[in-house]
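> Please construct the entire structure, taking both the sequences and the accompanying hints into account.
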Amino acid sequence: MKKKLDIFLMVIFAVCLFVTSPVSAASDFVLDNAGMLPVEKVAVLNSRAERISAEVHCGVYIVIIPSLKSVDESGDINAAARAVYDDYDFGMGETRDGLMLLLAVSDRKYSIYTRGWGGSAFNNYGKKKLSKSFVKALGGGKWYDGMESYLEKSGRMLRKARDGSPVDGKNSRTASGLAGLPVCIILGFLIASMTKKHFTSQLKSVAFKKDASDFISGTGIELTEKYDRFTHMTTERKYDPVEKKSGGADDSGGTSVSGGF
Amino acid sequence: MSEQIVNYKCPSCTAPLRFSEDSGKMECDFCGNLYELDEIKEMYAAKEAAASGEPSVDASVEEWGENAEKMRAYNCPSCGARLLCEETTAGGHCPYCGNTTVVPAQFSGALKPDWILPFKIGKKAAEDALKRHYGGKFLLPKVFSSENHIKEIRGVYVPFWLFSGKVNVDMSFHAIKTGSRREGDYRIEETSHYDVVRRGNIMFDKVPVDASVKMPDKLTRSIEPYNYSDLTDFSNLYLAGFMADRYDLPREEAVGKGTSRFYSTAIAKTRETVSGYKRVNVQSKNLSVSDRECHYALLPVWLLSTEWNGKNYLFAMNGQTGKMVGNLPVDEKKAEVLFWSVLISSSAVLAVLLAESIGRVILGFF
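Chains D and R supply the protein sequences, listed in that same order. Following the numbering used here, the numbering of the first sequence begins with -9 at its first residue and continues without gaps. Following the numbering used here, the numbering of the second sequence begins with 2 at its first residue and continues without gaps.
Keep in mind the hints are simulated off the structure, nothing from the lab. There may be inaccurate statements among the hints.
[Unchecked claim] Distance condition first, Cα-Cα at most 20 Å in a straight line; then the derived PhoX-like pairs of lysine-lysine: (1) R:K312 x R:K334; (2) R:K178 x D:K216; (3) R:K334 x D:K186; (4) R:K178 x D:K199.
This is the structure:
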């Protein structure tokens, strides 16, 4: 009986450690300290993150915390991200290369933190691009989907970076510049059409006039009754967080981009 | 049938008299004498009275078949030439002797106009106005203005129904004002709803409705407005030297057009009194006309026509104010060149601006 109780207590202890322990083992890549996902889903995400990390030699992490205040007194998401990264001793290699997504549940804020080679693979443009992969899903309460997209996108971007072509905006800006050409032509077309219409309209002076304002006598409309009565007010509440563009590099060489979801 | 037409002749030289828009008198182009309207009116009172009977259908025009009813045949009292006209024609010229002809019967009894607005602008001024009308128009073919000649110019008294009345308006609107504020990460959009009511009336004075079926409404409405302070009692003498038609759109049929103009203007004016809102929608409208009056008047219009590339171009000028309208041809080749040159140059400028801004963004990014 005592043996059975010991086994039971060990299992409970192991589960609690897995779910809530602030100190993780090096193999923990996905930590849900706010209990947002079932344990088995965390395990799926964790193994996926581990696989990507091993492939690109750069740690890919997700940490979910209940609130910012529990980590950083000032409530600064970027400071909290740095603290979490250090507390968990994240990163691979001497320079602790890594990419971490920190999610603060009650604050509905996120931070993408990079250190070492992670910062080379993801500049601010890359982080912003990466954030687009999960913000919408998280905003809609689809936590698992959001994190799955984050892992998929970050894996793809890290592989590209390893191949020597990081998603840093240089290529895409050229592409968007080229994409801008049709816009220039469309705008030019509109300007040309309006110019032609202006000069053509000079030649048209015959129009069917329905208005009879020229024949109103006296002072115009004479109002005998006039009122504007307020009836009711409707309100619409839209989630629209003010996005913090970027956090500068901290003294450990880490950089972050944060926003809301 | 010569008694149905009256020629006004100079008492001094018997040459044709015409109404002069400059002097407002009857003028003889041959000897230059001017006569007061009342003087000539008195001289021709008996002839006008004799010619005021119902215009008859000449038996010989019956061979025109179904068109016979719409035609009238008169004999010129000066040269005896046979003049064939439309049933509504009331004034013109004899093409053989050049005498001005007036058919008093077209404007007698119930057909007599209440008012006439005499011409203030002459033929020469109308021709000059047309040349000015060509000016400053980039896409007008050069040859149209340089080689174009006026094919025909006619001073016409166009029949109009003038509607006056009080429009009673009762309109309600649903209007909204919007505002927004922030609450943390949320934007709160507030919409205030209002019931807006406007009741009142608006007076219209002599809204013109073209009473000639063959005259395009677009043209006559485009040369509005007229200054009605110059309206005067009708007299056949004003018609001397000009074309004139009696109405062929009965008053009953014109009422709808007049009311439509009343209502559309009254609605627009009432809507203008509702301001300060982001959006206003009409909820209900109830309009009616009271104190309606209708008068029959002849208003002066110069009609000028030209031909170019086998196509006729018709221009109209307000015979009182000089306002000229008429659509002109477009130089399609020039229009294409203009389009493509603006397209290429503006696209190029935009592309350069875009390239510069991308460059700045890239530099700023690092």
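> All the hints need checking, so say for each whether the structure fits it.
Each hint tested on the structure:
1. R:K312 x R:K334: With Cα atoms ~18 Å apart, R:K312 and R:K334 stay inside 20 Å; holds.
2. R:K178 x D:K216: Judged against 20 Å, a Cα distance of about 18 Å means the pair holds.
3. R:K334 x D:K186: Status holds; Cα separation ~12 Å.
4. R:K178 x D:K199: Cα-Cα ~33 Å, so violated.
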